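Asks: Please work from the sequences and hints to get the whole structure.
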Amino acid sequence: MSNGGGQVHGIFGRLPGRILRLVSVVFGVCLLTFVLINALPGNVATAVLGDQATPEQVAALTAQLGLDEPIPQRFLNWLGGVFQGDLGSSLVNNQPVWDAVAQRIPVTLELVALALLFAIAAAVPAAVLAVRKPGGVLDRVLGGVSFSFLATPSFLLGLVLILVFAIELRWFPVSGWVPFAQDPIGNLETAFLPALTLAATPFAYFSRLLRADMAEQLTREDYVTTARAKGVPRRAILFRHVLRNSIFPMMTMVGLTTSLLVGGSVVVESIFGVPGIGLLLIQSITSRDVPVVLGVVVFIAAAVVIVNLIIDMLYGVVDPRIRHDHADA
Amino acid sequence: MSTPIPATLDPVSVVTPPALELTELRVQVGDASIVNGVSLSVPPGKMLALVGESGAGKSMTAKAAMGLLPRGGRITGGSIRIGGREVSALTENEWRRVRGSEIGMVFQNPLRSLNPTMKIGTQLAEAIRLHSQDLSSAQVKARSLELLDQVQIPNAPRRYEEYPHQLSGGMRQRIVIAIALSCKPRVLLADEPTTALDVTTQAEILRLLGDLQHSHRTAIVLVTHDIRIAEDHADRVAVMYAGRVVEDGPVSAVINHPRMPYTRALMTAVPQPDSPPHSMLPVIDGRPPDLRSLPVGCAFAPRCRFATDTCTSADPELEGTADHAFRCWHPLTEGGPDVHE
Amino acid sequence: MRVRLAATMLVAAALMLAGCSGGSGSGAEETPTGDPVAGGETTIVVSGRSWAHLDVAVPAVTPIKPLLNAVYDGLLRLTPDGEIVPWLAASYEASDDRLSWTLELQPDVVFTDGTPFNAEAVKFNLERQIDPDQRAGEGGNLPRDITVTAVDELTVLIGLTEPDESLPSALATTAVGLMASPTAVEKWGGEYGLHPVGTGPFMLESQVVGQEAKLVKNPDYWVKGLPYLDRVTYRALGSADSALQTLRSGGADVMDFVAPQQADAAKGDATLTLVERPALSVNEILLNTTKPPFDDVRARRALGYAIDQESLAKSLFFGYVNPTQSPIGSGSWAWSGETVDGYPAFDLDEAKKLVEEIGGLSFSVKVSNTPDYLQQMAAVQAQLAKAGIEMEIDAVEPSQKIADVFSRNYEAGQFIIPGLPDPDNYVRPFFDSTAGANPSGLQDPDLDALFAQGRTTAGVDARAEIYKQAFERMAEVTPVVYLSDMPVMRLQNQRIQGIEYLTTDVFYLENAWVGGQ
Amino acid sequence: MITLTPETRSLALPPPARRIRPRWRIGQAQVAAAVLIAMAIACFIVPLVVPLPPPSGGDLAEARLPPLTPGHPLGTDALGNDMLSRSLYGGRVSFIVGVGATLIGLVVGGFLGMLAGYKGGWIERVLGWLFDVLLAFPALILALTIAAYLGPSLQNEIYAVSIFLIPATARIARASTMSARKEEFIVAARLAGVRESTILRRHIIPNISSPLLTFAILQCGTAMIIEATLSFLGLGIRPPAPSWGNMMASGQQSLADAPWMVLVPGAFLFITICALNLLGESLRQARDER
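Residue numbers (our numbering), protein chains in the order written: chain A, 485 to 813; chain B, 1334 to 1674; chain C, 1098 to 1614; chain D, 1116 to 1405.
Errors might be hidden in some of the hints.
[What the hints assert, rightly or not] Coverage of chain C stretches by chain A, computed from C-beta distances (three or more under 8 Å per stretch; other residues unrestricted):
hint: 1; stretch: 1267-1275
hint: 2; stretch: 1288-1300
hint: 3; stretch: 1304-1312
hint: 4; stretch: 1327-1339
No wet-lab data here; the hints were simulated from the structure.
Note that this is a predicted model, so its numbers are computed, not measured.
Glycine is no exception: its CB is placed at the ideal position from the N, C-alpha and C atoms.
Replies: See below:
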């Protein structure tokens, strides 16, 4: 995920390099997960067999699942399967990992996307208001709010939001999930509170970053003075000139927070009963369902790396300096 | 309080008020008084060079004239009149209608004066559309291309669609000038416009300013620390030191018959083409005063050869003819020693 | 023919009985106001428990029975009063020597995938339960060596090697009695648990395994006119508080498996009704009698004396539970009363005396790592400390706890065994050395004899007397000490009515309907 | 000597506004540091000095008492344990996990980052790849997996949480090492043949220590939040041993009717992390303005 710096040439020139990097990172994640799960204590068979397990049955299942083979061997088998698109199936209910994950990833991605949207939609105006009078009341209030969000665990925030918005005000349902395809409005209603809970931390990061970046531009960049000399009104300067240049640090931050959000959604999904990937991971970890844990982790890592790859590409598209690098400047 | 200098009896100025007139302007930033009673007047179509070391307050004077004082800066005295209209007490909204239409500004560092992520055309069109909402976008584009031609930018339609990083420093400074002149302002403030450019581009830009001055009858205030630029291009010269004008007069008079020792020192500190090779560059020793605690009397006294007790005890008044004034107890006499021994 | 007619009448009567009176239980919460209205949908929420699949013959750590009983029908059924009545099996009769049982099946019953429900299907299901490879979760409730023969299209004969009076209870209250469609089982094989097909009132429309199951009405359910509801959504949540708030906010009509804490939190809310049933399961600490320190009966009895069930019930469980001295709750016919002679009830001095006698007692208890269980063990730890007993809490995943305890790799383990009315189902396998996994490792011939006798003696009263003696014997030998009984509690709002709540963790939904508002 | 080098006006004059602001910020840092020290003293020293009821083993009869009941200023939890003493003892765990994990992150991450930044070449590529892998792996899930399998001891929790901090710290270390490496005095030292280890020790480490330190302080807060989240998911320190995280986790079940059981530990955590963030932020801004 190194940023788009370094030697600059056409945005598509760097694609093969980036794809190779993506594959190597996802491979690294698979290796790390596999070692992590198999080298650690806890026997899958007993967990799956439950209370009627007799030693012979445990041994039979262990052999059937190939759990007695050395770890490298099992990793290669698993990897072989991955290349044929077969992630194996759950030990608990034989559901192909692919179905279980494919059914839930869109929910988590929607939640993360909504959370990012909320965070950005709130951070931009907040930062603009704060930066109009650096050190002013609004600036301190924004600082205070961001710090308090960073200091509150998301599960506490979630429960408090339930108490306020779902119970007292009855604006939103407490839990449950309506798929977007089925009923978009219902979907947004059920997704609102979880996304809001998830959006707290990124909001804090984004607003701090934006405020600092805009404040610096206002004091240090000459094109702001040019704009003022043109008679451009202050609000237009902030939105049309300064915000435009804050996009880049923001994009990097969005990349960084995506992996944070996917991790954070685990908690939010369990409180609001959202059928996302996070909860599947917790259930599969507690029931030692190795193939599902692996499948989920690979999906999450791939999603995070792809998001950052897209952001890298976007740098080229959004930043004219990169897009038109052949100029004679 | 020195008497304001009556405008010179130029037939044109009698009818129309000076494009820019500062009288006893005082500006403070925090507890430092940067500008201590500056009076200047620039008739339309004329160029005044404001010369002085950095920290002399010349740039702050220009910013004050544009209402672009930094945070914590405020006008504490005197008046600013643009085209006869008093502007020192305008509100931000009122200033916005003046900036760009009545008065324009060009800055020192062309590489950073244009928004890197915006096309040249957009930044130019924005300036035009700001002060004349009635134009259609086609008319605005036409006007922009016309401006680009006026500032001698080759192949304007292609440049219109390009980004700042695709242009050279000189080219970008031309764009900034085009922006500043987009709404035919009365006054153009050029704050060290060529300092960051190489010598050849410097000459082109200054010549461009001269042409625009005459073609648009715009009054130009050229802020610079290099007195030689003033000699070649300006009609009048005002030398500033420690926030005050210490000598003001037509170029020929000030350059050839400087009366204030500091002006002479400024000129000799510049390498002359005909001075012998490897000759030591004459230097004015000492450093500009701290503007938070100005010394009594003439601010230049501590660094002046001719300083006497009177210089350090009483503040010299502006004296001399209406056309060529200076502020010094011991003005240099005609034919006096040119070079300090 | 006559028998079948009578059976259908009996079934109808049972339904009417269940539908109107709604069984015992305090409060007038279930007397339905007005006639049932067809249509509408409901949502049921639960917290702290989830399902991995809906296959009746595969082990499941914490199965959710209401979900199973919505999709599948049982051969027999339990009524809210604890009575076993015919269901898919219109009638059931034991031979004189009690060695064979004849089941007459309901006619014209079809699985939701079109497969006819007949003797062949019953044979397939029962044999699947006892198939060693299948490793059925509750298969242990059927004798290993039963034989099943399909006499004719609608008659099944079950042969036993020795009498098993708990068979009807097994078929009525455990998963072995639930009938799955043979075609579906063969078609899906290992994945059948994700595509359950039964004859029940509802069919599985879609699910996110372990989180949300959406059930839709079975249009040609064999009991005409039922079910009333069109759709049922069953949702598992990670936090008990958010489950309760969902119910309060109207996002759900029923909250299943309500913990005492939530029951207490909801008591002020007039719109919610707490459905209480006499307890069947018991909150207990199982002791491994094969290893120190609990190979010494004095150590086991010291534990009993040191646990003050009264104060646990009052302050930790808000008075919703009762102290108990027997391994089965008061909801069962085999319950022998509040006190059982010989049980070491709370007596701190006695506990201290015993601890001194054996020279100190310290051990570790395996507990499921959820906040509520951990809290209970912390409370017990504090009480035991007063008697000089040192208990260390070893919190593990539920599946890990079960695996450790059943392979006797433990000293003490906290359990709340899913309560069933017949002690033969879930008490005997834990303590009878001749049967089941016997995790306590108890080798007590007298107790084994009593359990065997209990299983083979006909007649409820006779069996009750035998189990009374068995519980007294257990009280003396103390392989287990009790914290309290554990009734299954549910919360529901006024919108839904007609749900049949049982003493076990099951409730039937075909009679449920949602009122106007 | 007339300074002829072209200086833009804004730099020539030190605008007074900029001079005032740092003083206000440094005040902020002192307040934050004071709060942190007070909290640390409260958690580690007060329980030894002031006779407080034991954090666990409380009497059930006194369960669920609201704050300000006599004898229990902050009330009691579901088992009758005094909330104040539990919060203080619990604070120790959160501090230990927070500081411990951050230290590991600082040392391991810092070293790896410095190595990658200084050495460059294939070492940087390999380490860079490793950092990307760890960053691509959502940290909470990584911590979850480790805590779930290693079991709930304090030490395991520190490892679980530190995994999260290592890649982030390493990136900062690499960036500041690379910029420090370009400084003339480092190039000069290398040319003079000074041994690499001394260069690292004497030049690089002091240079990158201040950005790393301020970053570490900010990470400390994040580590405490992760500890609380792990406890909520049932994988943190086991009750009866108190930690702010598991107190909140067990308290959240009765948020509606006994909110103080969650809000008291929540407040302690909130104040500590706010102070940490404030301290980190002020140090960072003070450093930026230098």
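Asks: May I ask which of the numbered hints given earlier this structure violates, with the numbers listed in increasing order?
Replies: Violated: hint 1 alone.
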